[in-house]
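Taking mature numbering (1 follows the signal peptide of the UniProt record, and there is no 0), I'd label the letters of the sequence shown as residues -20 to -1, 1 to 107.
Worth double-checking, as some hints may not be accurate.
[As the list claims (entries may be wrong)] For each label pair, taking beta carbons as the anchor points, the in silico distance ranges come out as:
#1 Ile17 to Gly45: 27 to 33 Å
#2 Ser72 to Ala24: 15 to 21 Å
#3 Ser72 to Gln107: 33 to 39 Å
#4 Ser27 to His90: 22 to 28 Å
#5 Ser27 to Ser88: 38 to 44 Å
#6 Cys32 to Glu67: 31 to 37 Å
#7 Val28 to Asn89: 33 to 39 Å
#8 Cys26 to Asp86: 30 to 36 Å
#9 Ala24 to Glu87: 39 to 45 Å
#10 Cys32 to Asn89: 28 to 34 Å
Hints in this document: simulated from the structure, not taken from any laboratory. Where a beta carbon is used, it is the ideal one built from N, C-alpha and C, also for glycine.
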Amino acid sequence: MDKLSAFLLCLTLPASVVQAVGVNDNCSKIPGHWQGIYTLKTQADCSVYNGCTHLVMAEASYAGGNKFRIKLNPAVGQGGVFEIHCEDGNISSPVNPGNSVSLSCDESNHCFVVYDDERLSSEMAKQ
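All chains should be built: construct the whole structure from the sequences, respecting the hints.
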């Protein structure tokens, strides 16, 4: 797995969660299909991947407790499967600590994830 793939694994953020919590907990809304983009931040990475911004999709499923399994499928680069944790609406990823991930859902259950680290940023919406 190349370096970009490791970073992309953290995106999925874009992920969904079903756990024994209240109905209004955003973690419970993680499972499902997510789509969005990721943007590389350095020209060197953009050159390697033939552009800076690419499409990405993810399938998120509940893995037990506060864990969710993410199957990441970027349009460019390698995908993979990894786990994230979500507790009280806060996502963390043991795959790539030190990143910034925010999950928000509106009153109509439209959910969005924004991911940022030193190498790339991503925005995804649950479909």
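Quick rundown of the hints versus the structure:
One distance hint, 27 to 33 Å for the beta-carbon pair Ile17 and Gly45, holds here, with the actual separation near 30 Å. Range check, Ser72 to Ala24: Cβ separation about 28 Å, and the 15 to 21 Å hint is violated. For the pair Ser72 and Gln107, the beta carbons lie near 24 Å from each other, so the given range of 33 to 39 Å is not met. Hint check: Ser27 to His90, Cβ distance near 35 Å, so the stated range 22 to 28 Å is violated.
Hint check: Ser27 to Ser88, Cβ distance near 40 Å, so the stated range 38 to 44 Å holds. Between Cys32 and Glu67 the C-beta distance comes to about 33 Å, which sits within the given range of 31 to 37 Å. Roughly 37 Å separates the CB atoms of Val28 and Asn89, a value that falls within the hinted 33 to 39 Å. A hinted range of 30 to 36 Å for the beta carbons of Cys26 and Asp86 is consistent with their spacing of about 33 Å.
Look at Ala24 against Glu87: about 42 Å separates their beta carbons, and that is inside 39 to 45 Å. Between Cys32 and Asn89 the Cβ separation comes to about 31 Å, which falls inside the hinted range of 28 to 34 Å.
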